[in-house]
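We have chain A; now place chain B onto it with these hints.
Next come the chains, spelled out residue by residue.
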Amino acid sequence: MKSFLTLLFLLTASVETVQAKDTVIGGLSTRNVSINTTFTGSDILIFGTIKRGDSEEIVLSDIIIEVFGPKTNITVRRKKKIFGIWVNSDPIKINNSPSFYSIVSTNKIDDILKKSEQLKSKIGRTQFFESKNSDSNYIEAITAKLRIKNKDGYYSFNNPPVKVKETSLFSASISLPANLTEGDYKTKIHLIQKGEVTNTSIDTIRVRKVGLERWLYKTAHNSPLFYGIFSVLLALFSGWGASTIFRRFQ
Amino acid sequence: MQVYLPIAEVSVNIFLIIGLGALVGILSGMFGVGGGFLMTPLLFFIGIPPAVAVATEANQIVASSFSGALAHFKRRAVDLKMGLILLLGGLLGASVGVYIFKILKEIGQVELLVTLCYVVFLGIIGSLMFFESLSAITKRNSQTKPSKIKRHTWVHRLPLKMRFRTSNLYISAIPPFFIGVLVGILAAVMGVGGGFIMVPAMIYIIGMPTKVVIGTSLFQIIFVTAFTTIMHATQNYTVDAMLAILLILGGVVGAQVGVRLGVKLRAEQLRILLSIIVLSVCFKLALDLLLTPNEYFSIMVDVKK
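In order, the protein sequences belong to chains A and B. When we follow the numbering used here, the leftmost residue of the first sequence carries the number 1, and every step to the right adds one. When we follow the numbering used here, the leftmost residue of the second sequence carries the number 1001, and every step to the right adds one.
Don't read these hints as lab results, they were simulated from the structure. Quick caveat: nothing in here was measured; it's all calculated off a predicted structure. Misleading hints may appear alongside valid ones.
[What the hints assert, rightly or not] BS3-like mimics (lysine-lysine), calculated; alpha carbons at most 25 Å apart, straight line: (1) 71(A) x 163(A); (2) 93(A) x 1105(B); (3) 71(A) x 1102(B); (4) 194(A) x 115(A); (5) 151(A) x 1211(B); (6) 1105(B) x 81(A); (7) 1105(B) x 80(A); (8) 1074(B) x 1211(B); (9) 115(A) x 163(A); (10) 122(A) x 21(A); (11) 81(A) x 1284(B); (12) 79(A) x 1102(B); (13) 188(A) x 145(A); (14) 1284(B) x 1211(B); (15) 122(A) x 51(A); (16) 218(A) x 186(A); (17) 71(A) x 194(A); (18) 1102(B) x 218(A); (19) 120(A) x 218(A); (20) 81(A) x 1074(B); (21) 1105(B) x 1284(B); (22) 79(A) x 1264(B); (23) 79(A) x 21(A); (24) 1105(B) x 218(A); (25) 71(A) x 1105(B); (26) 80(A) x 1284(B); (27) 115(A) x 188(A); (28) 1264(B) x 80(A); (29) 1102(B) x 93(A); (30) 1074(B) x 145(A); (31) 151(A) x 165(A); (32) 151(A) x 188(A); (33) 163(A) x 21(A); (34) 1105(B) x 79(A).
Isolated chain A, as found in the complex (with noise of 0.2 Å):
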């Protein structure tokens, strides 16, 4: 009888949860990022607040929270001693892959989210691997990328934590790198509940050159033939410079 109750009791709750479930709100301290002169990278505070649904019943709450940077395709290769030297060589192209990628969490993301919804949600290392290729070279590329890319602080995993407050509240602070890539970020704030995502966030953190930096990067790309002819007539009048200037010391 008492089993029977608690029974009819979770449906209710779960049929509740289902009209008016928790959600998750998030904010950032800054939508744009820009990259000028003296770029020396950039902390951005991801916050927000669990908004209770209808359900009576207080969920255990986590949150995940993931940074993507704009993806490209990369090609990883392999030293091989050829002729006893070190060359380059197997390149393995993987595609889409996020130039930067951060995650952070309330608790271990493995205590907190079961590995098939990790698989499922694309939450945390295990979207990396995630293809229809499980060729072990390519697995064994995927793993060198990630070791590189944590290694050269463009990825992290879980650290700093997100902090939590008053049971509701949550904030974690993220590095950007001084050496980054332009494009949009895209973070993720997704709420955890009985191991299971049950509500995600999303938003985009616009990083962008600006003034100098902006100009020589879109002359450098869109106008090369003018950009590189810039460049000698810039380099000519440096070496004049240079020469009047000494002469008129000596």
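Okay, now just chain B, sitting in the frame of chain A:
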């Protein structure tokens, strides 16, 4: 103070870059070399992508060679006709070099090619210079005169002979043209001016008088590196104007300091010193090729078409 380089997409310390420019500038002022063969590997060492280092260094050499050539023009120490033939070859060589560079960049072997070229050339030049200046020191001690260069060699039997008034020569245009081609390829692939190859070649193969050699080679280098810069900018998008201007800034000041320092030291001592620097850079680069790497894998972002 950090500065973000827009094309290299790396943030570097501004004083480190200007300092490197000044250091290489001092050496080039002391030894009368362009310094590209030292600067490009140093840029690799501080984390500038090799493709950007090579292209940007070509741009810097435009400034330093122009600055140097102006002085030689004033003294009429430039053989324009010879310079033009070297230049024709140079332009052809640079086009070939940039094309090779582009293909290797696409298949991910640029680093290997550039490093190999450096190890081979720095190794050869460094050892030659080292032993030559060693023997110069011992010879001077034993008071023997250096042997005179042979005036008639295979070079004088080639067709297409031309008269070069400034150099006081009547020789075939073929050797200078091919020296130009070789130097052009090196300029594009290694990010150097190529003076360290061209100057000995002009003296020993063509037989030009020493007083016009430096001016003429600088004249050729201005145009070949300018052309290489434009080629790299249009083919590979790898010229970083911000990096170039910082290097130039340090370089011009350093070169003036170097010239004054150079006067105080004896030529053989200078050359031994330079050869040791060249050989150590060569050794460092060779180690990277020979030693088992810590990380077997490398990542490269595909070039956007």
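If you check each hint against the structure, which ones fail?
Hint check: 1, 5, 14, 17, 19, 20, 22, 23, 28, 30, 31 fail, others pass.
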